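Student: For the sequence shown, the residue numbers in this note's numbering are 100 to 258.
Any given hint could be a false lead.
Cross-link-like lysine to any residue pairs, in silico, SDA-like; alpha carbons within 25 Å at most [as the list claims (entries may be wrong)]:
hint	residue 1	residue 2
1	LYS231	VAL243
2	LYS231	ASP181
3	LYS231	MET215
Ranges of calculated distance between the beta carbons of each label pair, as one might list FRET restraints [what the hints assert, rightly or not]:
hint	residue 1	residue 2	range
4	VAL184	GLN136	53 to 63 Å
5	GLY118	GLU190	54 to 64 Å
6	GLN136	GLN115	14 to 24 Å
7	PRO164	ALA251	48 to 58 Å
8	ILE145	SER208	53 to 63 Å
9	LYS231	GLN180	43 to 53 Å
10	GLY126	MET210	33 to 43 Å
11	GLY126	GLU191	48 to 58 Å
12	MET210	GLY118	34 to 44 Å
13	ALA125	ALA226	50 to 60 Å
14	GLN180	LEU244	16 to 26 Å
15	GLY212	LEU129	41 to 51 Å
What the hints contain is simulated information worked out from the structure, not anything from laboratory work. Note that the coordinates shown come from a computational prediction; the quantities given were computed from them, not determined experimentally. Every residue gets a Cβ at the ideal spot worked out from N, C-alpha and C, and that includes glycine.
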Amino acid sequence: MTGVVAVKSPLLVAVQLDGPRLLSPAGDVLAVLGDDQQWRTRDGAIATELVLALDPAPVRAHVDPDAQKRADAVWILTALQDLRVLCEQQEEFTADDVWAALRMPPRESRMIGALMAAGRRHGLVEATDRHKPSERDVNNRRPVLVWRSLLAGQQRLGA
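Produce the entire structure from the sequences given, and follow the hints as far as they go.
Tutor: Quick look at the structure:
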């Protein structure tokens, strides 16, 4: 039996196909494919079509006020790993080099400052008294601080 679902609504409702089970977005079983190749509802009735009640009301995302803080904290931890690798490879560098070394860019560019402060607290870097023109186009060659690695030349344990 071939199942075709026609939706005449601009709203999209996702269902999950979990082997022989058809699940709602919440994980509830909507139908099960039996040995006889018939789809059956939870009550055992044969289902020949799937009708989804779509709520035309606007969908509003739930915003967790702490989610952004948690995401930023995770980003800092990941970026600190990238900064550590950079510090092991270069004696001096600028934020331009940090941007290039990051696996994932920050949510906001000012988070690079928070990363460098965390790097200082963790003993990875120290600021020098020198600046040099930025190579990043968005910075229009403005002067950026030169940082000194506190790990350059050190061998990583277990490497």
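Student: Would you mind marking each hint as holding or not holding in the structure?
Tutor: Here is how each hint holds up against the structure:
| no. | hint | in the structure |
| --- | --- | --- |
| 1 | LYS231 x VAL243 | 6 Å, holds |
| 2 | LYS231 x ASP181 | 22 Å, holds |
| 3 | LYS231 x MET215 | 17 Å, holds |
| 4 | VAL184 x GLN136: 53 to 63 Å | 55 Å, holds |
| 5 | GLY118 x GLU190: 54 to 64 Å | 56 Å, holds |
| 6 | GLN136 x GLN115: 14 to 24 Å | 20 Å, holds |
| 7 | PRO164 x ALA251: 48 to 58 Å | 40 Å, violated |
| 8 | ILE145 x SER208: 53 to 63 Å | 58 Å, holds |
| 9 | LYS231 x GLN180: 43 to 53 Å | 25 Å, violated |
| 10 | GLY126 x MET210: 33 to 43 Å | 35 Å, holds |
| 11 | GLY126 x GLU191: 48 to 58 Å | 53 Å, holds |
| 12 | MET210 x GLY118: 34 to 44 Å | 43 Å, holds |
| 13 | ALA125 x ALA226: 50 to 60 Å | 51 Å, holds |
| 14 | GLN180 x LEU244: 16 to 26 Å | 21 Å, holds |
| 15 | GLY212 x LEU129: 41 to 51 Å | 50 Å, holds |
Of the numbered hints listed earlier, those contradicted by the structure are 7 and 9.
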